[in-house]
Amino acid sequence: MTTIDEHPTLTAQEQEWVDEFMDETTLFLGPDPEIMRSHSIAERTEHEEEVIAAGVDRIQVERIRKRIAGALDEGYEMCEAQGAAPGAKWGDLTTAIYTAAGDVSYLSCHGVIAFSAILHHPIRYIMKYWKDEPTVGVHEGDGFIHNDARYGNVHNTDQSMIMPIIRDGKIIAWVAATIHEGENGACEPGGMPSGSETPFDDGLRMSPFKIVERGELRRDLLTFLQHSVRDPKLQLADLKVKITAVRKIMERVDALIDEVGVDTFVGALRVTVEDVDAEVRRRISELPDGTYRFDQFMDSTLKENILIKIACKITVKGDHMTVDLRGTGPEILNRAINAPLCSVKSMMMQAILAFWWPDLPRCTSAMSCIEIISDEGTWADASYDAPMGQSLQASFRGFSMMQALYSRMSFSTPHKYSNVVANWFNQINTFLWGGVTQHGDMVGNLCADLNGMPGGAKPFRDGEDAVSPLFCAMADTAEQEVMEEEVPFMQLVAKRLVKDNMGFGKFTGGMGYEMIVAAEGTPHWGFMTVTSGAKFSSIYGMYGGYGCGTYPLSMVKGTNVYDHFRNDPGSFDLSIEKIMNERPFPEGTYMTSHMGLQYDLARDGELYMISQGAGGGYGDPLERLPESVVKDAELGRISQKVAFDLFGVVYDPETFRLDAKATDAARAAARAARLERGKPFAEFCEEFVTPEPPKDLPYYGAWGDTDQITATVHTTDGPERVTAPLDELPIVMIPDRREVKIAALEERVRELEIKHGEQVNRLA
Amino acid sequence: MRVPMTEYLVIDLDTERWVCRVCAHDMGSAHGNYKPGTLVYDRDPREIHQPIIDPERYEYTFSPDPSFCRILEYYCPGCATQIEVEYLPPGHPPTEDIVVDVAALRAQWQARGLDAEEVFNYGPGEDAQKHTAALKALGHVR
Chain A
1 MTTIDEHPTL TAQEQEWVDE FMDETTLFLG PDPEIMRSHS IAERTEHEEE VIAAGVDRIQ
61 VERIRKRIAG ALDEGYEMCE AQGAAPGAKW GDLTTAIYTA AGDVSYLSCH GVIAFSAILH
121 HPIRYIMKYW KDEPTVGVHE GDGFIHNDAR YGNVHNTDQS MIMPIIRDGK IIAWVAATIH
181 EGENGACEPG GMPSGSETPF DDGLRMSPFK IVERGELRRD LLTFLQHSVR DPKLQLADLK
241 VKITAVRKIM ERVDALIDEV GVDTFVGALR VTVEDVDAEV RRRISELPDG TYRFDQFMDS
301 TLKENILIKI ACKITVKGDH MTVDLRGTGP EILNRAINAP LCSVKSMMMQ AILAFWWPDL
361 PRCTSAMSCI EIISDEGTWA DASYDAPMGQ SLQASFRGFS MMQALYSRMS FSTPHKYSNV
421 VANWFNQINT FLWGGVTQHG DMVGNLCADL NGMPGGAKPF RDGEDAVSPL FCAMADTAEQ
481 EVMEEEVPFM QLVAKRLVKD NMGFGKFTGG MGYEMIVAAE GTPHWGFMTV TSGAKFSSIY
541 GMYGGYGCGT YPLSMVKGTN VYDHFRNDPG SFDLSIEKIM NERPFPEGTY MTSHMGLQYD
601 LARDGELYMI SQGAGGGYGD PLERLPESVV KDAELGRISQ KVAFDLFGVV YDPETFRLDA
661 KATDAARAAA RAARLERGKP FAEFCEEFVT PEPPKDLPYY GAWGDTDQIT ATVHTTDGPE
721 RVTAPLDELP IVMIPDRREV KIAALEERVR ELEIKHGEQV NRLA
Chain B
1 MRVPMTEYLV IDLDTERWVC RVCAHDMGSA HGNYKPGTLV YDRDPREIHQ PIIDPERYEY
61 TFSPDPSFCR ILEYYCPGCA TQIEVEYLPP GHPPTEDIVV DVAALRAQWQ ARGLDAEEVF
121 NYGPGEDAQK HTAALKALGH VR
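Those protein sequences? They're chains A and B, same order as listed.
Under our numbering, the first residue of the first sequence carries the number 1, and numbering increases by one thereafter.
Under our numbering, the first residue of the second sequence carries the number 1, and numbering increases by one thereafter.
Honestly, the hints are just simulated from the structure, not real lab data.
A hint or two may mislead.
Said to hold, decoys possible - Below 25 Å or equal to it, Euclidean Cα-Cα: the simulated DMTMM-like pairs (lysine to aspartate or glutamate) are:
#, chain 1, residue 1, chain 2, residue 2
1, A, Lys128, A, Asp19
2, A, Lys641, B, Asp42
3, A, Lys641, B, Glu126
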């Protein structure tokens, strides 16, 4: 028997040969795990060591920071004012300055903070692989483009322009602008395909590459990109916008460097990063030591309903914080919901810098010292081969877990940096669209209504209705009427709040509005929706408050509502409730679905209807001031039934006069009923908890606090539930839902043939 | 000293017990989670998030599907305050959402030299201070 040493020790010379061989025979330079798994700041460079050792003038650093902030905000405003992408117009973008190693030192005051946790990845990649590569190199005036989240991005619809600041032949910093561009050539228009089943369906896969060479935009590469997307005008226009904005920022920064000198400038960038790192450790030490847990469940692959878990346990000990994502469900290798870990981390950063410590400079170091434990192969830490078209499904839940748990961790602290708040709504309930416009242009993008996410309740006031997306406090919901000049559909109902759609509580979560759209006058048009939460609420309440409800997609096909309006203008009185319950268009087919709608061809006048969600409620609803409940009822925000069932409030529905005595009695009865029906916890668990998920529920993830992952896999014998450690699970894929439906229908046909004695000879 | 840990729960550092902030009911050892000291009810989510479109005709109605989602309501056995709500798949074990290191908590507050309940606040901002003060005057927040 031959014994093989699995770990032979190589001499230095042998190791050098192996390294050389591997370098020469690398097939291609994919995402580098060493870069991609780390969200920590880089070690000081020699230059940084030198300038910091020589002494740093703190007042000068502050002055430099202010100047940089001004430059970045100017660049941001240029992108917002000039950008062609709808996302740019609403503020879904960012500008930032980075250290030479790629750590974000300062981000624009507006825009998407999440990018401060993500763009060090492509810069580290450029520094490691392209800087010294003879066929690439990094020179003054160069600009690198990038979008693929596998190399570090929130998602593939965001495109960056990254340019180096070079002095005396040395890279001393980087400046970048990133815009949510929308269209990116994916399998569906708009850049966030819920229908992608392979990574190649996700659209452009730009690893960081040089598209601006010594100041010149390369026409050959530009042509390739324009050729690869549905909207070549957008691709060109926004490339130019980003280049111009970055150059303007660099102009300001160059003037600053001339004024203060390279060393002082480099020192200021690094000191900012290190100051934030030290401050974050100090703030963690203010939290009570302990473990805090928050599990979330998502109900959809965006093609069918399943239930998949994203687990989070935070441990605080002294100045150390660990975020453990183990227990999260496996990646699903032919569905779009998977996210790379860096994308989930970016949204954790969004929570940290927007909702934990909004006073900190927006730096990579705001999360650098927080340890994150995750096993690759889950839907929140997906592998290279997983499609990621709708990665926001996992990454936005990364935001929610951090937001929810911080309120628990920080509740007791005497000095708070932000208010205690229940969860923000976390789904982009909006329409994506694409096709040929009334002007003959091929386009693909989305409505700004995703920015109308309602806010969570605070312990002292209700959450704001449709206020802002969790990822960008300043984003605008835009003027739909302006957009209607460019696209061939109208929002027949916009910004109308849906009654009873709120997170109930002592203070209620903000409410969301409904959107009803219909196309007209286009040879080819379609709509998509890309969210979950139609069977299982996507956000939860806080301290006795409830979460949001669930949100269907409603459609009326086979009718042209515009004809109805032209014939009878009085019929233009629409709401989802009214249309779906009263069915005013007799020839129409009325249907509901979950919110994963792949590109659906819209004929003139067919209705598509969705609703924004709601923010989480805070506190026991029976503690809400009765006057506030009556006011909500009078404004039509809640129904009389909800006022009584949820809040125990009685009023006269004609005059909206509170009946204080009856309300006291109703609330006392409600409390007595709780004591009557509530069971002691141990007894309750005995009855409620089951050793595994219900048989018919396609569940993915740990069932409770265990390292065993449950999943339904599909074999030749049909679906089969397996439970095993993540690395022992078979590949998880889900069969084509149309095939599943056809098989069920064929089975039914066979049953009926047997029942009625019909002989059918089918050729195989 | 009592340390407010959630809207409705404090940890009493002297007795090392969870205590209801509303009625002072004892909710169990502070070395574990507070849920064993609660009463729990498995709520059909359709009773809370009531259907907006007709459940007789449509599968998706704005109400969660009870075969996917249950709402666990946790009540204080003393005053029946709903101290927490949890959305779970049917049969999933309830989550241990907070387990605090009591010794470290005591040391932390000793080092601060402050009374945790006296200095408690909901965070910065003029609106937070204003609303909280007004609601305290009404007896509506603690």
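### Contradicted hints - numbers only
3
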